[in-house]
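The hints should help you fit chain B onto chain A, whose structure is shown.
Quick note, the sequences are listed as chains A and B, same order. For the first sequence, my numbering puts the final residue at 311, and the numbers step up evenly by one. For the second sequence, my numbering puts the final residue at 311, and the numbers step up evenly by one.
Simulated from the structure, these hints should not be mistaken for lab results. Accuracy of the hints is not assured; some may be wrong.
Since the list gives no way to pick out one identical chain from another, each pair is judged satisfied if it fits inside one copy or across any two copies.
[Claimed, not checked] Under the rule of at most 30 Å between Cα atoms (straight-line distance), these lysine-lysine pairs were calculated in the DSS-like manner:
id: 1; residue 1: LYS127; residue 2: LYS150
id: 2; residue 1: LYS150; residue 2: LYS287
id: 3; residue 1: LYS211; residue 2: LYS127
id: 4; residue 1: LYS150; residue 2: LYS29
Predicted, not measured: the structure shown is a model, and the values here were computed from it.
Listed below, chain by chain, are the residues.
2 protein chains.
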Amino acid sequence: MKPFCFGIDVGGTTIKLGCFRTDGTLLEKWEVPTRLEEGGKYIIPDAVKEVKAKMLSLGIGREEVQGVGIGVPGPVNDAGEVSRAVNLHWGYKNLVQEMEELLDMPVKAGNDANVAALGEMWQGAAKGCRNLIMVTLGTGVGGGIIVNGKIIAGTHGAAGEIGHACVEPSETERCNCGNYGCLEQMAAATGIVRLANKELEQSDEDSLLRKEKVTAKSVFDAYKQDDALASRVVRRFGEYLGNALAIFSCVVDPERIVIGGGVSKAGEVLISVIEPYFRRDAFPACKNIPIVLATLGNDAGIYGTAKLVLD
Amino acid sequence: MKPFCFGIDVGGTTIKLGCFRTDGTLLEKWEVPTRLEEGGKYIIPDAVKEVKAKMLSLGIGREEVQGVGIGVPGPVNDAGEVSRAVNLHWGYKNLVQEMEELLDMPVKAGNDANVAALGEMWQGAAKGCRNLIMVTLGTGVGGGIIVNGKIIAGTHGAAGEIGHACVEPSETERCNCGNYGCLEQMAAATGIVRLANKELEQSDEDSLLRKEKVTAKSVFDAYKQDDALASRVVRRFGEYLGNALAIFSCVVDPERIVIGGGVSKAGEVLISVIEPYFRRDAFPACKNIPIVLATLGNDAGIYGTAKLVLD
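Chain A with its partners taken away, still in its complex shape (with noise of 0.2 Å):
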């Protein structure tokens, strides 16, 4: 094993860079803004620029480096290939091919929920874990799946899109992949906000709620200082995830649960909220399966691709 490697998590907003000893140890990180014009088609550059520039700043070779690990937010095959990365404007691409002849360096890439997942196996919340599930709670709602220490692709890119299991079939409003009653409508921070309104637009109940912006972090400081209203959206998440993460056990029987992304903030209150439920329906092998908050943070990328390339 070579001493260094490199972790690149693409976002819509910027590219976030690490250089990691292969030990694991985070030696620099930084971020660069994407730039998404024509295509999108000077990120690869840009981030292949950062790496070398990097290198010549801490006096790496390229015969001292394992490999770039990058993520990007949208389905990677095994084979390195993207179909399409919406939020970067990107159509098809051979990612892994355009930058090994960059960068003349070995380059693995992968999924941004998935490598995340990865990352916090390798550094993080699950250090030590072979079998996992990574439910991340931002915007929408990704999901990441690792058995016997690999990410789990599927044969469409698509294992891990645990945001969108249909848990309310029932569903009237539409989610953005086109279905009715996926998880992200519920559990994401805007499943959350949408849970809220819809109980605040059925009464005039009296509620915290109704004197600020709702945002997740506003339902859940409501919750905390018992606004009835607020208990019974934070009540209604809870049990979604609660169930569907029963039912994901079920299938993968991890050894434990991450929760990250920025709802993850809410911190542990958001594990009360989930554990009864997921108690109450998980299969009796798997009930006391712990579920954790994530430890990372944003870094869960960077250090989920660094370590890609040490497999």
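Leaving out everything else, chain B in the frame of chain A:
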């Protein structure tokens, strides 16, 4: 690779055995009764005796056998240990070690529903696939998940226990597992009968199902004759199962879904009632995953256990 292997599928009533060429050709299959007396202590010696006798009668030497696989109705961990197999009257058993000592050949063990999936992948309805969900609709609902050609066993041996996905948390009747609202309560042969009896109790509506004993078969037969009550039962069954398969698919994104077990004898009509709900609820990238009937019937277990020793 040596030329021969054996597969053994232990059920609560019979032990099924098969002698295979390692290319997948079934040479001979036979069965003997499962002796449950004295805590099932005769089961392993009986199976071993059968294998040895068959080797003798076919003139197969020990050095020509790649190994012997065995499947049991209960969780089996990667080390080949069974924590408990109620239907065999077994408590903890180091299954692989016991068999290897008696046989002096390599032994591998797996859960019966998991190995059925492996069998269908090797020589059945999913031949050539590497990623698979198999659901077995029998007295209960079993499942097997295959990722990259390997069975997922799970941290507690509970991966693939999809019969206990909680699909109806508001259910008031208890499942055998102790939870409420498991898929098994809706989609097993017993589950279909349960749904039908509920419908029959709720009204005096005329139905073919009032004229004979209600079984999963009689429900599907009445459905084929456009019986209105049976049609509602079959549609509920189809919606529960189709929705659940869609959820499982966003976790592992399989290449194919195989439906086996006694209920699958209803034939293609079964697929026709599951598929519309699956297509409705599946993540867009997964909507066209083929759902097919198992083809190996009761032999899936011996095929799958034989395949266990080839990997």
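Hints and how they fare:
1. Taking CA atoms no more than 30 Å apart as the test, LYS127 paired with LYS150 passes in both settings, with 14 Å inside one copy and 24 Å between copies.
2. Within a single copy, LYS150 and LYS287 get their C-alpha atoms as close as 24 Å, and across copies as close as 25 Å, so both meet the 30 Å cut-off.
3. Taking identical chains as interchangeable, the C-alpha atoms of LYS211 and LYS127 are never at most 30 Å apart, the minima being 42 Å within one chain and 60 Å between chains.
4. Taking identical chains as interchangeable, the C-alpha atoms of LYS150 and LYS29 lie at most 30 Å apart only when both belong to the same chain, with a minimum of 25 Å there against 37 Å between chains.
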